[in-house]
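Chains A and B, in that order, are what the protein sequence lines are. The first sequence maps to residues 1 to 635 in the working numbering. The second sequence maps to residues 636 to 729 in the working numbering.
Hints are computed from structural coordinates only; laboratory data are not their basis. Hints may contain errors.
What the hints assert, rightly or not - With a Cα cut of at most 16 Å, we get these calculated EDC-like pairs of lysine to aspartate or glutamate: (1) K281/A to E300/A; (2) K232/A to D712/B; (3) K45/A to E22/A; (4) K226/A to D601/A; (5) K157/A to E145/A; (6) K651/B to E277/A; (7) K651/B to E233/A; (8) K209/A to E300/A; (9) K281/A to D305/A.
Model, not experiment: these values are computed from the prediction.
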Amino acid sequence: MGYGFWGRILRVDLTGGKISEEEIDDTTYRLYPGGKALAAYLLLKNIPPAADPLGPENVLVLAEGLLTGAPFSTATRFTAAARSPLTGGYGESEAGGFWGAELKMAGWDAIVITGRSERPAYLRITDDAAEIRDGAHLWGRDPEEVQAVVREEVGDKLARVLQIGLGGENRVRFAAITHDLRHYNGRTGMGAVMGSKNLKAISVRGSRKVLDLACEPQSLSELGRKLAKQVKEHPQSWDLQVKGTPGLTRGLNAGGILPTRNFRSGAFEGAEDLTWEAYEKEIFTARRSCYACAVRCKREVRVADRYQVSEAWGGPEYETVAGFGSDCGINDLQAIAKANELCGRYTLDTISTSSTVAFAMECFEHGLIGAEDTGGLELRFGNADAMVRAVEMIARREHIGDLLAEGSRRAAAVLGGNAAHFAMHVKGLDLPMHEPRGKVGVGLGYAVGEAGADHLVAYHDPALANPESVSFKGAMPLGITEALPPRELSRRKAVNYAVLESWSSAGKTLGMCYFGPAPRSFIQVEDVVAAVRAATGWDVTAQDLLRVGERATNLARVFNIREGFSRRDDTLPDRLFQPLEGGALAGVGMSREEFERTLTDLYEIKGWDPVTSAPTRRRLQELGIEWAADLIGAG
Amino acid sequence: MRVHLGGHLSWYDPGKRAWLELDARTVLEAGASQDRQSGPLTPAGVARHLGLPRGEIALVAVNGRAVDPDAVQLTPDDRVEFYPPIGGGESPSE
Numbered sequence: 001m002g003y004g005f006w007g008r009i010l011r012v013d014l015t016g017g018k019i020s021e022e023e024i025d026d027t028t029y030r031l032y033p034g035g036k037a038l039a040a041y042l043l044l045k046n047i048p049p050a051a052d053p054l055g056p057e058n059v060l061v062l063a064e065g066l067l068t069g070a071p072f073s074t075a076t077r078f079t080a081a082a083r084s085p086l087t088g089g090y091g092e093s094e095a096g097g098f099w100g101a102e103l104k105m106a107g108w109d110a111i112v113i114t115g116r117s118e119r120p121a122y123l124r125i126t127d128d129a130a131e132i133r134d135g136a137h138l139w140g141r142d143p144e145e146v147q148a149v150v151r152e153e154v155g156d157k158l159a160r161v162l163q164i165g166l167g168g169e170n171r172v173r174f175a176a177i178t179h180d181l182r183h184y185n186g187r188t189g190m191g192a193v194m195g196s197k198n199l200k201a202i203s204v205r206g207s208r209k210v211l212d213l214a215c216e217p218q219s220l221s222e223l224g225r226k227l228a229k230q231v232k233e234h235p236q237s238w239d240l241q242v243k244g245t246p247g248l249t250r251g252l253n254a255g256g257i258l259p260t261r262n263f264r265s266g267a268f269e270g271a272e273d274l275t276w277e278a279y280e281k282e283i284f285t286a287r288r289s290c291y292a293c294a295v296r297c298k299r300e301v302r303v304a305d306r307y308q309v310s311e312a313w314g315g316p317e318y319e320t321v322a323g324f325g326s327d328c329g330i331n332d333l334q335a336i337a338k339a340n341e342l343c344g345r346y347t348l349d350t351i352s353t354s355s356t357v358a359f360a361m362e363c364f365e366h367g368l369i370g371a372e373d374t375g376g377l378e379l380r381f382g383n384a385d386a387m388v389r390a391v392e393m394i395a396r397r398e399h400i401g402d403l404l405a406e407g408s409r410r411a412a413a414v415l416g417g418n419a420a421h422f423a424m425h426v427k428g429l430d431l432p433m434h435e436p437r438g439k440v441g442v443g444l445g446y447a448v449g450e451a452g453a454d455h456l457v458a459y460h461d462p463a464l465a466n467p468e469s470v471s472f473k474g475a476m477p478l479g480i481t482e483a484l485p486p487r488e489l490s491r492r493k494a495v496n497y498a499v500l501e502s503w504s505s506a507g508k509t510l511g512m513c514y515f516g517p518a519p520r521s522f523i524q525v526e527d528v529v530a531a532v533r534a535a536t537g538w539d540v541t542a543q544d545l546l547r548v549g550e551r552a553t554n555l556a557r558v559f560n561i562r563e564g565f566s567r568r569d570d571t572l573p574d575r576l577f578q579p580l581e582g583g584a585l586a587g588v589g590m591s592r593e594e595f596e597r598t599l600t601d602l603y604e605i606k607g608w609d610p611v612t613s614a615p616t617r618r619r620l621q622e623l624g625i626e627w628a629a630d631l632i633g634a635g
Numbered sequence: 636m637r638v639h640l641g642g643h644l645s646w647y648d649p650g651k652r653a654w655l656e657l658d659a660r661t662v663l664e665a666g667a668s669q670d671r672q673s674g675p676l677t678p679a680g681v682a683r684h685l686g687l688p689r690g691e692i693a694l695v696a697v698n699g700r701a702v703d704p705d706a707v708q709l710t711p712d713d714r715v716e717f718y719p720p721i722g723g724g725e726s727p728s729e
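Make the full structure from the sequences, and use the hints.
Next comes the structure, spelled out in structure tokens:
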């Protein structure tokens, strides 16, 4: 074992009821140093090809990042990964909060969960000790109750409880995992995988100090203190703290890139009611944080009027405000807060849930769904009560909710007609609330993202459009030299995209939040490198970290190729190639020709086959993972 | 004139304000006295008056419409909004 990691993984075989420990040596950890990289490696090594995502052969990996748990702002995250029941491909979702740090304090780098428990179970981890416990009495119960019961049973009020609610139990294909009731591994249906394994919860408590693991604890600690001070001194982190992610709504609306009514328009007439000022006035109660993070961008909300919303579940982020708001044609923040609370209570991904509701609304307006399917609900754009009720129906699989719980892609195939045109997804994963027609690099990311449409696979074009901007300057140490217009889709854009995708992937591997490192926020590239050096003692550079990120992306890509994915899956919904109907970019659509040409350029830059999108053996060799080429017969 | 500093642009205001009222004549006079500006008042002139770094302004809207910040003449009743690269978009240029 080296510095910065424990060198051991907890293996949990739910079928056999067995727990064991597996070592990771220094060489392996250097190649896959936590989070996304370690998870992708473990998935490929443990999941057989063509495994049923909801069957016992699927494997759920939970892996904290290399820096997770260090006293270093935004280094809070851990990855949940498995074959996705929503996409059939590489499934991955990161969460911040406290659970990842606690797992690291307990002395584990990751958990690998295999098989399926015969009866509902939960897992208890207290430092080295781990046990599978009967969880039948927890099944069907609300996460708030489950957290209290589990903490009582393990005799520790401070135990961190990771769990699924009704959505995960009912295997809603976009079910999330929550911990502390307010942090979520939201995307790609990891909650459904947990539900399919009859695993209700994982309680973790650790007593080790993560800083003691570091090669140079003093340096890491000093760096952490320096960054904590910088939060208020840097415009981008200051903004996140003061306004939170809901601070995005007004500007995106003004720019014509606020997804509205299922991505038909880029501006919403009710946007003024969805701004951060409205949020503060109507629902906000407090700011919250993740482990050791000075940014404090999380929100807590309460509503005591028509919709009763408890502060226990955390407040809606921008994605949720726009998803249940403008994208559903709704300007009622209280209803949005209620939908957010229900997604927390039932552990549903707010992005996929809201997008699926918007899809259903468009289907309803086109007669593909009728009131007889919705239990009498008029599921139209702008109907806030119907939107809130639709979330309930999905979690409980009632009426049309049973079909919608399969995800918009599957639902569209059953509904027929124009429904497929209304399903805004890539590879089955619904689009986040960022409009590619105004920032085409985001569209490139949606298309090639191995997990499906993910807004965090790269950095958004406007941040890199002006060479004088703080964000552009922050990206220069990565080798970004050309500032490019947000709507330019070109080989130059693909060059920038490839670098930034690797940087984002490295962040997911290190356990850093997207709101930490430059170019998005306040932590400079050199400080990220310094933190990795202090934690591990490795003589790394920014280029080495980019390589780590690229390696992780290639492993995820190999996973998909093994499951039969190809270039045809790296695409975008047709609607994005049509003109926007309203807002500052009305009439603007993406060019399919430019998109396909840039995709070919990107594959070439990444060393991937332009026809199949598979990494070449040579590229995998260069990345030190030739073994992965054998899995897909790469030439 | 009502001015909005969107996203992290309000960090550059000494009072960290997101909304402020400006007197158009004051802005013009201040610009002229510093030999920075003469003639009609534009959003770019307002940005200079407020000390907003040019590199941080990605989108400017006047009365809800995205505009070219150098090409639009403002009137005292206008509402001017400035947005940074993150959480904005891009201004049209002429």
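Cross-check of the supplied hints:
1. K281/A to E300/A: Holds, because 13 Å separates the two Cα atoms, which is no more than 16 Å.
2. K232/A to D712/B: 33 Å, violated
3. K45/A to E22/A: 13 Å, holds
4. K226/A to D601/A: Distance of about 41 Å is beyond 16 Å: violated.
5. K157/A to E145/A: 13 Å, holds
6. K651/B to E277/A: 14 Å, holds
7. K651/B to E233/A: Roughly 12 Å separates the two Cα atoms, so the pair holds.
8. K209/A to E300/A: 29 Å, violated
9. K281/A to D305/A: 14 Å, holds
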